[in-house]
Amino acid sequence: MSAIANAPAHDHHDDHGHHHKETFITKYIFSQDHKMIAKQYLITGLIMGIIGIAMSILFRIQLAWPEQSFWIFEALLGKWAPDGVMTPSIYLALVTIHGTIMVFFVLTAGLSGTFSNLLIPLQIGARDMASGFLNMVSYWLFFLSSVIMISSLFVEAGPASAGWTIYPPLSALPQAIGGSGMGMTLWLVSMAIFIASSLLGSLNYIVTVINLRTEGMSMTRLPLTIWAFFVTAIIGVVSFPVLLSAALLLIMDRSFGTSFFLSDIFIQGEVLSHQGGSPVLFEHLFWFLGHPEVYIVILPALGITSEIIATNSRKPIFGYRAMVASILAIAFLSTIVWGHHMFVSGMNPFLGSVFTFTTLLIAIPSAVKAFNYITTLWKGNLQMNPAMLFSIGLVSTFITGGLTGIILGDSTLDINVHDTYFVVAHFHLVMGISALYGLFAGVYHWFPKMFGRMLNKNLGYVHFWVTAVGAYGIFFPMHFIGIAGLPRRYYTNTEFPYFDDYADVNVIITVAAIITAAVQLVFLYNFFASIFYGKKAVQNPWRSNTLEWTTPVEHIHGNWPGAIPSVYRWAYDYSKTNEDGEYVIKGQDFVPQTVPLQDKEEELNH
Amino acid sequence: MTVFLVIIVLALLAVTGWQISKIFDLSKRPDADTSQIANDKDNRLNGILMLAFVIFLYVITIYCFWEYGRFYLPEAASEHGSEYDTLMFVSIAIIMVVQVITQGLLHFFAYKYKGEKTKKALFYADNDKLEFIWTIIPVITLAGLIIYGLFTWSDIMNVNTEEDPMIVEVYAYQFAWRARYAGEDNTLGKANVRFIEGVNQLGVDESDSYGKDDKIVTELHLPVNKPVLFKFRSQDVLHSAYFPFFRAQMNVVPGMITQFGFTPTITSEEMRQSEYMVEKVKSVNEERNERNEVLQAQGEPTLDPYEFEYFLLCNKICGQAHYNMQMKIVVESEEDFNAWLEEQPTFGSVMADQSQDADRPEDSSGSEDPASEEDAEGEDNTNNQSQESDAVAVVENNN
Numbered sequence: 001m002s003a004i005a006n007a008p009a010h011d012h013h014d015d016h017g018h019h020h021k022e023t024f025i026t027k028y029i030f031s032q033d034h035k036m037i038a039k040q041y042l043i044t045g046l047i048m049g050i051i052g053i054a055m056s057i058l059f060r061i062q063l064a065w066p067e068q069s070f071w072i073f074e075a076l077l078g079k080w081a082p083d084g085v086m087t088p089s090i091y092l093a094l095v096t097i098h099g100t101i102m103v104f105f106v107l108t109a110g111l112s113g114t115f116s117n118l119l120i121p122l123q124i125g126a127r128d129m130a131s132g133f134l135n136m137v138s139y140w141l142f143f144l145s146s147v148i149m150i151s152s153l154f155v156e157a158g159p160a161s162a163g164w165t166i167y168p169p170l171s172a173l174p175q176a177i178g179g180s181g182m183g184m185t186l187w188l189v190s191m192a193i194f195i196a197s198s199l200l201g202s203l204n205y206i207v208t209v210i211n212l213r214t215e216g217m218s219m220t221r222l223p224l225t226i227w228a229f230f231v232t233a234i235i236g237v238v239s240f241p242v243l244l245s246a247a248l249l250l251i252m253d254r255s256f257g258t259s260f261f262l263s264d265i266f267i268q269g270e271v272l273s274h275q276g277g278s279p280v281l282f283e284h285l286f287w288f289l290g291h292p293e294v295y296i297v298i299l300p301a302l303g304i305t306s307e308i309i310a311t312n313s314r315k316p317i318f319g320y321r322a323m324v325a326s327i328l329a330i331a332f333l334s335t336i337v338w339g340h341h342m343f344v345s346g347m348n349p350f351l352g353s354v355f356t357f358t359t360l361l362i363a364i365p366s367a368v369k370a371f372n373y374i375t376t377l378w379k380g381n382l383q384m385n386p387a388m389l390f391s392i393g394l395v396s397t398f399i400t401g402g403l404t405g406i407i408l409g410d411s412t413l414d415i416n417v418h419d420t421y422f423v424v425a426h427f428h429l430v431m432g433i434s435a436l437y438g439l440f441a442g443v444y445h446w447f448p449k450m451f452g453r454m455l456n457k458n459l460g461y462v463h464f465w466v467t468a469v470g471a472y473g474i475f476f477p478m479h480f481i482g483i484a485g486l487p488r489r490y491y492t493n494t495e496f497p498y499f500d501d502y503a504d505v506n507v508i509i510t511v512a513a514i515i516t517a518a519v520q521l522v523f524l525y526n527f528f529a530s531i532f533y534g535k536k537a538v539q540n541p542w543r544s545n546t547l548e549w550t551t552p553v554e555h556i557h558g559n560w561p562g563a564i565p566s567v568y569r570w571a572y573d574y575s576k577t578n579e580d581g582e583y584v585i586k587g588q589d590f591v592p593q594t595v596p597l598q599d600k601e602e603e604l605n606h
Numbered sequence: 001m002t003v004f005l006v007i008i009v010l011a012l013l014a015v016t017g018w019q020i021s022k023i024f025d026l027s028k029r030p031d032a033d034t035s036q037i038a039n040d041k042d043n044r045l046n047g048i049l050m051l052a053f054v055i056f057l058y059v060i061t062i063y064c065f066w067e068y069g070r071f072y073l074p075e076a077a078s079e080h081g082s083e084y085d086t087l088m089f090v091s092i093a094i095i096m097v098v099q100v101i102t103q104g105l106l107h108f109f110a111y112k113y114k115g116e117k118t119k120k121a122l123f124y125a126d127n128d129k130l131e132f133i134w135t136i137i138p139v140i141t142l143a144g145l146i147i148y149g150l151f152t153w154s155d156i157m158n159v160n161t162e163e164d165p166m167i168v169e170v171y172a173y174q175f176a177w178r179a180r181y182a183g184e185d186n187t188l189g190k191a192n193v194r195f196i197e198g199v200n201q202l203g204v205d206e207s208d209s210y211g212k213d214d215k216i217v218t219e220l221h222l223p224v225n226k227p228v229l230f231k232f233r234s235q236d237v238l239h240s241a242y243f244p245f246f247r248a249q250m251n252v253v254p255g256m257i258t259q260f261g262f263t264p265t266i267t268s269e270e271m272r273q274s275e276y277m278v279e280k281v282k283s284v285n286e287e288r289n290e291r292n293e294v295l296q297a298q299g300e301p302t303l304d305p306y307e308f309e310y311f312l313l314c315n316k317i318c319g320q321a322h323y324n325m326q327m328k329i330v331v332e333s334e335e336d337f338n339a340w341l342e343e344q345p346t347f348g349s350v351m352a353d354q355s356q357d358a359d360r361p362e363d364s365s366g367s368e369d370p371a372s373e374e375d376a377e378g379e380d381n382t383n384n385q386s387q388e389s390d391a392v393a394v395v396e397n398n399n
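In order, the protein sequences belong to chains A and B. In terms of my numbering, the first sequence is residues 1 to 606. In terms of my numbering, the second sequence is residues 1 to 399.
Some hints here could point you the wrong way.
[To be verified] 27 Å max Cα-Cα, derived BS3-like pairs, lysine-lysine:
| id | chain 1 | residue 1 | chain 2 | residue 2 |
| --- | --- | --- | --- | --- |
| 1 | A | K535 | B | K117 |
| 2 | B | K41 | A | K379 |
| 3 | B | K129 | A | K379 |
| 4 | B | K120 | A | K600 |
| 5 | B | K119 | A | K600 |
| 6 | B | K129 | B | K112 |
| 7 | B | K41 | A | K536 |
| 8 | B | K120 | A | K379 |
| 9 | A | K586 | B | K231 |
| 10 | A | K586 | B | K41 |
| 11 | A | K379 | B | K117 |
| 12 | B | K117 | A | K600 |
| 13 | A | K586 | B | K117 |
| 14 | B | K231 | A | K379 |
| 15 | B | K190 | B | K231 |
| 16 | A | K600 | A | K586 |
No lab work stands behind these hints, which were simulated from the structure alone.
Take these sequences, add in the hints, and give me the full structure.
Here it is in structure tokens:
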């Protein structure tokens with residue numbers, strides 16, 4: 001991170017003659033360099049993650065020891081916790097904002113924003129994004145939306161509390177719940193800005209991948225990371241505008257008296273004038289984004305782990321084409337399965353049948369991916385770097401969480417587990433924990449590229465193993481109380497004596513959650529300490545094939561000091577041997593993409 | 001017994017910590033490898049931990065099934081419920097087989113193929129036959145599950161109207177439930193929130209003659225072995241009517257009427273007597289007694305012993321007191337049910353009673369149809385006593 005002179009961001013030519021001095025502001029704040037923007041996304045995402053996870057700890061404490069007094073509530077929640085006892089309204093607010101922050105701000109922007117920005121130009125051999133300026137705007141809109149979302153925590157009547165799915169009429173009527181006043185308005189404004197940010201980012205990623213690939217980098221030679229980011233961006237462009245329309249219509253219902261989602265409502269002693277709208281319409285619009293959103297979250301994580309597992313197994317990823325086909329199939333199917341969130345919404349049961357069918361179809365490409373990961377490990381030479389551990393952990397949680405999706409995706413079985421803790425356990429494992437593992441794997445793997453230093457591996461091992469045990473400790477028992485009929489989003493279960501003997505399970509879950517959250521501090525320490533004091537990285541620490549490791553450790557604008565390298569092969573020639581059993585390059589078990597075909601080397605079509 | 005799991009977790013953590021500290025010690029040697037890249041020692045340690053991890057996974061799986069498997073709801077108390085449970089058990093069996101095999105392979109491979117300096121990985125980029133096999137196996141399995149599931153789904157959701165099910169409206173508002181029985185004609189009177197006024201809390205249209213014999217109650221009674229078709233209506237926000245013991249659920253949507261039908265098959269009394277429930281109530285009461293000891297020590301009122309009743313709960317976030325939006329359900333023999341229903345006042349009689357009450361400050365009886373008043377009286381004048389108290393209860397509940 002030394003102060004190397006930078007060229008303007010829109011300069012994608014090979015000649016870098018006209019360097020000029022950068023000020024602190026243009027280098028670190030309003031930077032148009034994709035590497036700096038990636039770091040901005042990462043750090044903003046991590047801060048949002050700290051807030052989101054802290055919230056979950058607060059409401060987990062309430063669930064384990066309901067309506068008891070804790071000084072931490074009094075300290076953090078103030079008037080929302082008189083005498084240190086959490087109130088029901090702030091409980092719902094915490095649940096809502098935890099969901100919103102984790103799904104959108106951490107796992108969408110923090111994960112995909114960070115690694116798409118960092119890796120797309122570096123791995124396809126481009127000097128920067130197609131539009132550095134739009135990229136900068138995208139980050140700052142994200143930052144603005146984060147600030148607005150956080151500021152909504154401080155409004156008088158409380159932040160949005162209608163659940164992260166903000167179903168109207170609850171989210172539309174301040175009479176129904178306090179958080180649906182100013183808090184909800186800020187939520188909607190923040191999300192509208194977030195969507196604008198996401199669209200700018202996604203369009204940029206798509207254009208960059210299509211147009212700025214270096215010579216020889218055909219689509220079938222792209223690393224799977226890029227395929228995942230590229231397809232994720234397409235899903236985002238297709239589905240985020242639908243959420244924007246839902247948000248806009250909700251804003252109109254709330255503020256301008258329209259009736260898109262509201263009809264026949266009597267609340268607090270008076271009949272509202274709204275007539276003819278339908279909350280079910282909102283559910284359709286919401287889940288038209290909401291479901292693809294979970295793939296927007298998980299696909300980049302799967303892309304990252306594909307790359308990391310191949311590199312650290314010293315083996316090509318098994319079934320490259322099948323992996324790409326699976327990503328495309330998942331992307332397509334993800335847009336036609338949203339109805340499985342609505343089996344019991346009052347939607348026509350026949351539609352439920354159709355959505356069951358499409359939903360169980362999407363299990364097939366997901367299964368193919370899981371099997372391919374396992375086969376990639378088979379007969380590998382596994383280098384157990386922390387990034388590799390998190391990648392294996394991801395495959396594990398992706399399988400565990402994905403399998404329970406077969407139950408939830410079945411309209412019949414969904415009837416009795418809908419909106420119970422079974423759902424909570426399912427989606428936290430399959431998209432929450434898995435995507436977080438993807439994020440961690442990415443950070444451990446590309447930290448040397450981002451900051452020019454290495455993360456401490458031993459702290460990484462502690463981080464991984466405690467997290468891995470803790471995450472299962474939280475979410476595995478949760479399936480069982482869910483399938484026993486315990487509804488989610490209940491402030492306390494004590495009103496139902498029937499649920500009394502689940503109390504111990506809730507305590508175990510909360511203890512596991514606290515331990516798991518605490519060990520993230522090890523990661524944070526490692527992360528921030530290593531930025532400044534970590535061991536200096538070598539150029540290609542993981543002996544990887546992809547292009548980003550051909551750039552110098554010191555960041556320069558335009559990425560490569562000389563000409564952009566050309567590409568001669570795919571990204572997965574690990575441990576490739578000639579017929580005589582010797583590595584293609586003697587004594588080196590990897591062949592970077594920039595190395596032309598060698599003598600005696602057999603060309604393979606993947 | 002729950003301590004057991006905690007002990008396992010702590011033990012594994014301790015082992016991890018111990019191993020890690022060992023690494024720290026070893027890495028302090030002057031010639032230590034400080035590259036922060038995994039070396040053979042890290043590979044071996046983490047490979048072994050991978051194996052330990054999958055064992056941990058199996059142990060908590062077995063523990064959870066053993067210890068928490070009993071939490072699974074009792075035998076379904078509805079006709080379609082047993083089909084539901086069978087499908088659920090088949091699905092769980094399939095996914096557990098897949099889970100055990102794939103997690104085993106994943107972690108075993110991670111252990112078996114842990115890296116060594118001298119080892120060579122196998123360049124193995126694709127194999128169409130393998131890919132085909134693991135595409136086709138999920139296809140077949142899932143096709144089976146889809147077909148099985150969809151048959152059950154259409155059985156459950158397509159209400160057989162030829163059986164002439166009893167029509168019951170379940171009405172939701174922040175934060176309680178009401179039920180409206182359709183009466184002799186088995187047809188619910190029209191209703192809309194715009195008719196809500198005074199004791200007419202469900203907004204039943206007084207001009208609709210079908211509504212006269214409707215009966216509005218605060219707990220749901222159902223005759224055993226008779227099909228019921230529920231019509232759901234909400235007054236304010238989304239709710240979800242969740243009947244866990246009957247494997248039934250439907251969202252309650254303001255502005256539209258949703259429906260779900262089932263046939264209860266086990267009476268409340270039979271359920272209370274069942275082995276499962278005796279055991280369950282015992283364990284709940286043990287839990288409550290433990291809490292009572294604490295409460296007693298603090299000088300606070302203690303909890304009542306628990307006795308099982310079916311309940312309906314709200315399962316869609318609906319506001320602050322969402323967590324306590326419930327209604328008692330009683331399943332009983334048809335005679336008991338009829339006797340109970342007989343005692344409930346009709347809507348017509350409640351309204352007539354209200355308009356007779358001249359002391360009301362804000363009088364809306366001007367709109368009352370005198371004919372309907374008579375009608376109602378004729379039908380129900382035996383129940384004047386109970387309707388009075390019920391109307392009061394209804395008004396109180398409104399707050």
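Hints, verified against the model:
Distance check on the hinted pair: A/K535 and B/K117 sit about 23 Å apart at the alpha-carbon level, within 27 Å; holds. Distance check on the hinted pair: B/K41 and A/K379 sit about 19 Å apart at the alpha-carbon level, within 27 Å; holds. Pair hint B/K129 plus A/K379 holds up; C-alpha atoms about 18 Å apart against a cutoff of 27 Å. At roughly 20 Å between alpha-carbon atoms, B/K120 and A/K600 fall within 27 Å of each other, so this suggested pair holds.
Simply put, B/K119 and A/K600 have alpha-carbon atoms about 23 Å apart, close enough for the 27 Å limit, and the pair holds. Restraint check for B/K129 and B/K112: satisfied, since their Cα atoms lie roughly 24 Å apart, inside the 27 Å limit. For the proposed pair B/K41 and A/K536, the alpha carbon gap of about 22 Å is at most 27 Å, so the pair holds. At most 27 Å may separate the alpha-carbon atoms for a hinted pair to count; B/K120 and A/K379 meet this at roughly 9 Å.
For the given pair, A/K586 sits about 75 Å from B/K231 by alpha-carbon distance, which is inconsistent with the 27 Å threshold. For the suggested pair A/K586 and B/K41, the alpha carbons sit about 25 Å apart, so the restraint of at most 27 Å is met. Using a Cα cut-off of 27 Å, the hinted pair A/K379 and B/K117 holds, with the two alpha carbons roughly 14 Å apart. Our distance criterion of 27 Å between C-alpha atoms is met by B/K117 and A/K600, whose separation comes to about 26 Å.
Restraint check: the Cα-Cα separation between A/K586 and B/K117 comes to about 15 Å, which is no more than 27 Å; the hinted pair holds. Proposed proximity of B/K231 and A/K379 is contradicted: the alpha carbons are some 60 Å apart, above 27 Å. Restraint check: the Cα-Cα separation between B/K190 and B/K231 comes to about 12 Å, which is no more than 27 Å; the hinted pair holds. Taking the CA atoms of A/K600 and A/K586, the gap is near 12 Å; set against the 27 Å cutoff, the hint holds.
The structure does not agree with the numbered hints 9 and 14 stated previously, though it agrees with the rest.
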